[in-house]
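> Knowing the structure of chain E, use the given hints to seat chain G on it.
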Amino acid sequence: MTRVIGMRCRECGTDYPVQATHVCEMCFGPLDVVYDYDAIKRAISREKIAAGPPSMWRYRDLLPVEDDVPVVTLGEGFTPLVLAERLGAELGLSRLYLKNDTMNPTNSFKDRVVSVAISWARAHGFETIGCASTGNLANAVAAYSARAGLESFVFIPADLEPAKIISTSVFGPNLVAVRGNYDQVNRLCSQLVESYPWAFCNINVRPFYAEGSKTLDFETAEQLGWQVPDEVIIPIASGCQFVKHHRAWGELLDLGLAEGERQPALTGAQALGCAPVYNAWRDGTDQVMPVKPDTIAKSIAIGNPSDGTYVIRMARETGGVVEAVSEQEIVDSIKLLARTEGIFTETAGGVTIGVLAKLARAGRWKGNETIVAYVTGHGLKTADAVAGPDGTAHRFEIDPTLKSFREVVEV
Amino acid sequence: MARRRVKLIFGRELVTEPVIYQLGKNYEIVSNIRRADVTRDEGWVLLELTGEPDELEKGVAYLESRGIRVEPAEGDLVE
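Order-wise, the sequence lines are chains E and G. Under numbering that gives the first Met the number 0, the residues of the first sequence are numbered 0 to 410, in order. Under numbering that gives the first Met the number 0, the residues of the second sequence are numbered 0 to 78, in order.
So that you can see chain E by itself, here it is in the shape it has in the complex (with noise of 0.2 Å):
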């Protein structure tokens, strides 16, 4: 079945065929996968995705890579939804649910844009896949052009945590530390992009690699009955996968998979360090002006965000809020969650639960609504956010004798 009839611009609507390509020549609006929706309709039901894969490539009648090219696949999606009783308690939600997309390959929401890039790339010739990054993404495609046998290169700025430098380069990529900051990345990658002949998963092959985020809300239909929640909670970085969450809630409802009367309110949360959706959702326009980050969540530290605007649209369109934290609530939050449902999240997901919180705390909730929450990297890429000042954390530290047990610890 060809589903991918093409990509059209999304502001002022011009049609283009499919090729490695972000922008509209005319008005420089982002392009997006434009599918054949009545072949798809014939193609899907519940059953088949239920006869698919333990992976997001289950729903593969709904990405844009054609059925006879081979994926390149880590066993990426299909994460847990976990209903967070305990959380959920604290919060006075008896029916919250957690995302917990920190199991993936690399150990973030990444894996699952990556492997559509880079299957999508692969099948039309590219032999190259570059990626500018913070961490989470260069992971994912460090990882990922070694699973597929294509050479990569992964622009970092020059000061990133050397963990995060280790595990990437461990996968073997070609590791370029550039003197500058995030921004500077990207726009050397920018410029890079014109001369030479690469898939960059965050720059030309956007509309594809984007397009592997809404198997994060098909996994949630499917999990919760195909019954769509009440209400999500998604990170906000460019807004590029809170765009493709409202997409993928669409179809789900357009082609009668999911059973609900409307999409669910989608909230954005972002860090208060690095939050230019959520002052313009604050000052009332969608006009989003660029601010410079500083935040702890860095891998949601996006100044300039690409689909800003849209997210604030997405979000008073189907009911949703934009809320953003500090940088103390997001620390609290990641120990909230890992203290009352054993999910350990980096800085992002903290953002994330931090928002959930907040909202709950001042009584958005009745208490009996589904809402789910986007828990989106793991805990041990940013431990350091929940360190003590001494670089470790509390502990009791006695003589290997049971006096000194009994002495220094309280049971």
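Please keep in mind that the hints were generated in silico from the structure rather than gathered at the bench. Built from N, CA and C at the ideal position, the CB exists for glycine as well. Wrong hints could be hidden among the right ones.
[Unchecked claim] To be clear about the criterion: a stretch of chain E counts as covered by chain G if any three or more of its residues have a C-beta under 8 Å from a C-beta of chain G, and this derived list gives those stretches:
no. : segment
1   : 24-33
2   : 275-289
3   : 297-309
4   : 352-361
What follows is chain G alone, placed relative to chain E:
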């Protein structure tokens, strides 16, 4: 020749300044407006700039020196 897609963002004090005209006058740069939204208090313009790489660098530096924020037209997706 190289080309760059940029978004110029400016506040109230620059709304009445002919900065795009000055850019073309002072540097060997051809600018082509694709979209814009300018109000009394602020504005943004999406521009395609074409010129030699050195000239583009100088032109962008000039815009920034005038207090204009110059961003990639398509926004960032570094993650």
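> Going through the earlier hints one by one, which of them does the structure break, listed in rising order?
Of the numbered hints given earlier, the structure breaks just one, which is hint 4.
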